[in-house]
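Trainee: Going down the list, the protein sequences come from chains A and B. Offset between the first sequence (1-based) and the numbering used here: plus 153. Offset between the second sequence (1-based) and the numbering used here: plus 390.
Derived from the structure by calculation, the hints contain no laboratory data. Here a beta-carbon is modelled for each residue, glycine too, at the ideal position from N, C-alpha and C. There may be inaccurate statements among the hints.
One side only, chain A facing chain B, incomplete, derived with CB under 8 Å [to be verified]:
1) L226
2) A240
3) R241
4) E318
Residues of chain B placed beyond 12 Å of chain A at every Cβ, according to the derived structure [what the hints assert, rightly or not]:
5) D413
6) F551
7) L829
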Amino acid sequence: MSAQSHSIYEQAILFIAALVVFTSFLMLAQKRLSGMIHLFAVQGAMLAATSALAAYTLPYPHLYVSALIIVVLKVILIPVMLHRLIARMDMRQDAEPAYLYGYVMMAAASLVMFSYYVVEPIAQLSTLATRNAMAVSLAVVLLGMLLMITRRQVVTHVIGFMAIENGLFFAAVASTQGMPMVVELGIAFDVLVAAIIFGVFFFHIRSSIDSLDVDRLNRLNEVEP
Amino acid sequence: MSSVYLILGIPFFGMFYQAWRGDAPTAGRLNTRLCGAAFLAALVLAVEVGRHGTVELAHLQFRIDAFNVYLIVLTAFVGCTTAMFSGPYMAHERELGRLNAARMRLYHAMYQGFMLTMYLVLTTNNLGLLWVAMEGATLATVLLVSLYRSPESIEAAWKYFILCGVGIAQALFGTVLLYFAAGQIPGIGEYGLQWSVLYAHAAELNPTVMSIAFVFLLVGYGTKIGLVPLHNWLPDAHSEGPTPMSAILSGLLLNDALYAVVRSKMLVDGSLQSPLAGHLMMGFGMLSFLVAALFLHRQRDVKRLFSYSSIEHMGIMTFAFGLGGPLATFAALMHMTVHSLTKSAIFVTVGHAAQIARTQRIEHIRGLMRTQPMVGWGLVLGVVAIAGMPPFGVFTSEFLVLTATMESFPWLTPFLLLGIAIAFAGLFRHLHPMVYGPLPEGQTPVQANLWPVMAHLGIVLWLGLSIPGVLADWFSQATRLIAGSAPL
């Protein structure tokens, strides 16, 4: 199958899918917090573009609303909030210590292959674009987890968490043309509340352990000291 | 207007009112009244469903059948009795200076908010909304876990937030896959997430997609059930939050997460025609049961001890639902009821015991029988009940699970028996020194409201001696719904 045999829309979705996964890789490689927040905003913008594209082509007008929600929430509100938080905490230039980047990248690549393997059985059911979108969104979810596992900063964990949500959203838009509106609004509300609570928690964690390093969250143990 | 709207509306407005006036001295009483009103509405709804069968509302967004109506009543009841306990308990905590006015407002508002999400999980027919409500429950309880703002509670809340947030994201992926599978059926459109519609078309759903979806749903909601190895958040959250919250977490949240898994299993079974979903649940259930039973022996914190006991019992229920068949399903439904009643009663008593001893460390809680006999007896009876001793209801349901296992998987029975014995020993080795023994210095009785405890244990005892006809009918109807045929 050559690329020309697919409609422009499918080709566009495939292209954006590749870019979305690419931003996930960039996040894994990014050491600075502010750079990571920028990448997160870029990923959000790509999701909004996917959503708007689907709304325009298919046409599913209600997807314009979800594109708008993403732009407001994930491209503007949450990144701005995170930027202001790290500015207030004086962490703008903070970088994570090196964590075996080579191995992390190799693990990330194998996770992407694993995602393609998982969605393989769905192949006969769907178009090329849907199948790739499914695999890519699963990969973004797994890469978000990998980001959370390999980093030690609370802020990075939040970005990883939100990147997982991005992956889920991409799956919903690219494979099922978006969830019903009630559900989408509910999910957006949850994400917003979660972001606010995360922001509150930064200050609590900082005042309780005097840093934002999760390695120092170690008071609760199964084995008593 | 249907009472469903009342059940959802009362905690909704209660949440806002309590966010405004939750620090007033009467706020605790108001909390109880709100929960009581929701309980009455739940009873009305139960009668409605009992008389006219399944209730469907608002373009199938809400659907109440025999399975969820009994959980709604149970949720409302436990929520109400825990609120009765919570009033004086939280007032006492405030006198001790652990909380200020703003935190009291937050606590009461989030109590109502949590109840709202629980009712939404149970009443909604839309699997997407179910996910939203489940995530909402996480957000509400995260704020409750970190209420004391101690370094430990912040750590517990953070762990809970991250683990459950990531876990439940898997469930959303599963939900998207379900919607994708439903999209293959022509003409289903926007109704593709409605459980009843999916259930009617279950045979047409693509089995491969459904089996992948179920794995994600099980892992996602399984994190909230506290299935091993996704359970790490549970003991921390239970031990560091305020005690009434531990009672509603164990008594309600875990049940409702299991409810979500069972609903998904019903869909997958219809599509797959193979016992894959059941076997997965049996495996996770058995593992959780055995691991948690072993961990009981190592605990030093009394609330951690009982949260491991919760994991153990959720394991039994998941196992029994996975076993399938009328008898096991009946047993699992009954176990859900008796466990949530007994466990919330235990947490209420433990809360009093911890206030008496001014610590949650087991080695410092001593001689409860002498300090305050009511609390001591409450704890003894609660532990006897939860360990599965006759004549309490937990014995009956565990016995039924064992019988069902003997029928279909005889080789698993020894593991179950072994686990029950280990758990029994684990609970009693800690219980004995806590309630008996000499009176330690400096322990004084606290003002305790033990009515909820006695009411819960009384019902559990009653269920163990003879299941009342109405309830047996109810369980049979729910069993018929889940397993296809009735046990009796």
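Trainee: For every hint, state whether the structure bears it out.
Mentor: Hints, one by one, checked against the model:
no.: 1; hint: L226; in the structure: violated, 15 Å
no.: 2; hint: A240; in the structure: violated, 22 Å
no.: 3; hint: R241; in the structure: violated, 18 Å
no.: 4; hint: E318; in the structure: holds, 7 Å
no.: 5; hint: D413; in the structure: holds, 19 Å
no.: 6; hint: F551; in the structure: violated, 7 Å
no.: 7; hint: L829; in the structure: holds, 26 Å
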